[in-house]
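Chemist: Sequence:
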Amino acid sequence: MLIQFYRYCISPMFPAVCRFHPSCSTYGLEAFKTYSLPKALFLTAYRILRCNPFSRGGYDPLPLPGESLFKTGVAEGAHDHEGPCAQDGAGTATETATKVDP
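Per the working numbering, the sequence shown starts with residue 5, numbered consecutively.
Please keep in mind that the hints were generated in silico from the structure rather than gathered at the bench.
Among the clues, some could well be false.
[What the hints assert, rightly or not] Now the in silico label distances, taken between C-beta atoms and shown as ranges:
hint	residue 1	residue 2	range
1	Met17	Ile52	15 to 21 angstroms
2	Arg23	Leu73	16 to 22 angstroms
3	Leu53	Phe9	16 to 22 angstroms
Quantities reported herein were computed from a predicted structural model and do not represent experimental measurements.
Ideal Cβ positions, reconstructed from N, Cα and C, are used throughout, including at glycine.
Using the sequences and the hints, build the whole thing.
Modeler: Below is the structure:
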């Protein structure tokens with residue numbers, strides 16, 4: 005397979021500078037194991053297109069079957085609600101209490 009050729013023959017010649025976790029090649033291999041050929045090609049190409057200097061990168065797992073193929077842009081540790089948040093000692097976001105007067 006082309007991805008395995010890249011991983012074992014081409015990738016070792018370059019320094020590891022992956023923006024995402026898992027790497028694009030791991031993501032692609034998992035996509036081909038999980039989805040049909042057209043969907044796996046789309047997911048892999050979409051991931052490679054997002055691997056650029058303007059992307060934040062970070063943790064980007066393969067979407068589970070039934071999940072949306074497109075990410076909402078919510079960073080790891082973020083919430084889906086509005087409100088004040090703070091970082092706890094472990095570096096994860098936790099809600100802070102706010103007093104609301106009636």
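Chemist: None of the hints should be skipped; say for each whether it holds.
Modeler: Status of each hint after checking the structure:
In this structure, Met17 and Ile52 meet the distance hint of 15 to 21 angstroms, their C-beta atoms being roughly 18 angstroms apart. Checked against the hint of 16 to 22 angstroms, the pair Arg23 and Leu73 passes, with Cβ atoms roughly 19 angstroms apart. At about 20 angstroms, the CB distance of Leu53 to Phe9 agrees with the hint of 16 to 22 angstroms.
The structure meets every hint from the earlier list without exception.
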